[in-house]
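**Q** Sequence:
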Amino acid sequence: MHDNNPQIKNNVGFAIGTGRCGTNFLAKLLELEPQVKSTHERNALNETFHRYCKWYNLPVDHEGFLNTKQNEIFEDLKKNSYSFEASAFLSVSVKELYERFGAKFILLVRSPEKVINSYLVKGWYEDQFLQKNHNLALGYQKNKSFHHFLGRPAPIGEKFMQWQTMTRVGKLAWYWNELNSRVINLFEQIPQEYWKIQTLEEFNYQSYIEIANFFGFQPEVTLKQFENLTNKKPNGFTEVPTIVNWTDQEKIEFEQEVQSMAKYFGYQYQINLLPIPKTYPITFKQKFVKTLKKIKRILLST
438 MHDNNPQIKN
448 NVGFAIGTGR
458 CGTNFLAKLL
468 ELEPQVKSTH
478 ERNALNETFH
488 RYCKWYNLPV
498 DHEGFLNTKQ
508 NEIFEDLKKN
518 SYSFEASAFL
528 SVSVKELYER
538 FGAKFILLVR
548 SPEKVINSYL
558 VKGWYEDQFL
568 QKNHNLALGY
578 QKNKSFHHFL
588 GRPAPIGEKF
598 MQWQTMTRVG
608 KLAWYWNELN
618 SRVINLFEQI
628 PQEYWKIQTL
638 EEFNYQSYIE
648 IANFFGFQPE
658 VTLKQFENLT
668 NKKPNGFTEV
678 PTIVNWTDQE
688 KIEFEQEVQS
698 MAKYFGYQYQ
708 INLLPIPKTY
718 PITFKQKFVK
728 TLKKIKRILL
738 ST
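The opening residue of the sequence shown carries number 438 in this note's numbering; numbering runs sequentially from there.
Some clues are possibly wrong.
[Said to hold, decoys possible] Think about it this way: if two alpha-carbon atoms lie no more than 20 Å apart in a straight line, the pair counts; the simulated EDC-like pairs of lysine to aspartate or glutamate are:
hint	residue 1	residue 2
1	K474	E647
2	K688	E625
3	K446	E512
4	K669	E512
5	K516	E657
6	K551	E638
7	K515	E470
8	K688	E512
[Unchecked claim] Quick list of simulated restraints, FRET-style, between CB atoms:
hint	residue 1	residue 2	range
9	Y701	K559	21 to 27 Å
10	N442	N572	41 to 47 Å
11	L495	N442	25 to 31 Å
12	P471	E563	20 to 26 Å
13	Q472	E630	27 to 33 Å
14	E625	G653	32 to 38 Å
15	T684	L495	31 to 37 Å
16	G501	Q686	38 to 44 Å
These are computed hints drawn from the structure, not numbers from a lab.
Each residue gets a CB set at the ideal place from its N, CA and C atoms; glycine is no exception.
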C-alpha cells in the first residue's frame, strides 16, 4: 500500500546497484537540479541493517527502517518537489520502498571486472570470515566501520564453504552476480513502469534526460554541466588494479561467478576477449597517498 500523502506520491526515486557503479555520480548530477533534493547513502546504519536482514532473510519488522526513510523524504520535500537517494545499501529493499512510497528505481550496472577491481582497492573481503555454522546468518566480523560488516554480505549454506576458499576476485565476482540477480528478481515483483536499468558504459547526456523523465521531473542540467561532472569522476580511485594483474585462478573464478548476470546485461566476461586496459606509471603523489592509507589501516587495526 503506497503512502497516500500527495506530497510523496510520484515524488520519490532511488538509484541502486552493486556500488562502484555510478550511484555517487548520479547523486552529484541530481544535486544540480534546482527542484530535486539528492543524497548519497545518507543513513548507512539504517540502510545496511535492513540490507543485512533482507540478505539473510531474517524475520525483522520493517517499520523502523521505513519510518526513518519517510522522515528523511518528508524533510527533502519541505523545500524541494522531488526526493532522490542513490544508495547501493538499498538494493535489496526495493519491495518495501515501493510498497510504502510508490518509489521508482534505477539499477545502475557497471562491467563486473571494473566493479571488482574498484572494490579490491576499497578492501572488500580482505580478511577471511569466521563462521562455525554456515547455515546461519553471518555473525559479527571485525571491520573499520560497523556498517561495513552489515553491508558486505556472504553466501549462506554450502555455497559459503566454497566461497571461503575463493580468491578475493572470486568472492567479489560472486557478489556482483548475486546482488544484480536479486535486484532483477525484486524488480519482477513490482510494476515495470517503476524500474529501469542503466549501464554505466552507455550513460550519456541523453540517458540522463531519459532518467529524469522516467523519475518524473523536468531536467534542467545542461550538457556542459553534465560533461564537467563527468570529467571530475566523483568518488574515483587511483591505482586501481586491472585484469592484467589477476592470477589464473582469479580469472577462472571470475568467469564462473559472473557468467549468468554478465550474459543478462550483455557484458563480455571471458577474460581473453576483454580489452587490455591501459596502464600508467604511478606518480610520486600516488605513492605517497598509498603509503599514508597503509599506515592509517595499520593504526586502525591496532
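**Q** Hint by hint, note whether the structure agrees.
**A** Comparing the hints with the structure gives:
no. : hint                      : result
1   : K474 <-> E647             : holds, 19 Å
2   : K688 <-> E625             : violated, 31 Å
3   : K446 <-> E512             : holds, 15 Å
4   : K669 <-> E512             : violated, 29 Å
5   : K516 <-> E657             : holds, 17 Å
6   : K551 <-> E638             : holds, 11 Å
7   : K515 <-> E470             : holds, 16 Å
8   : K688 <-> E512             : violated, 47 Å
9   : Y701 <-> K559: 21 to 27 Å : holds, 25 Å
10  : N442 <-> N572: 41 to 47 Å : holds, 42 Å
11  : L495 <-> N442: 25 to 31 Å : holds, 29 Å
12  : P471 <-> E563: 20 to 26 Å : violated, 42 Å
13  : Q472 <-> E630: 27 to 33 Å : violated, 21 Å
14  : E625 <-> G653: 32 to 38 Å : violated, 22 Å
15  : T684 <-> L495: 31 to 37 Å : holds, 36 Å
16  : G501 <-> Q686: 38 to 44 Å : holds, 43 Å
Violated hints, in rising order: 2, 4, 8, 12, 13 and 14; the structure is consistent with all others.
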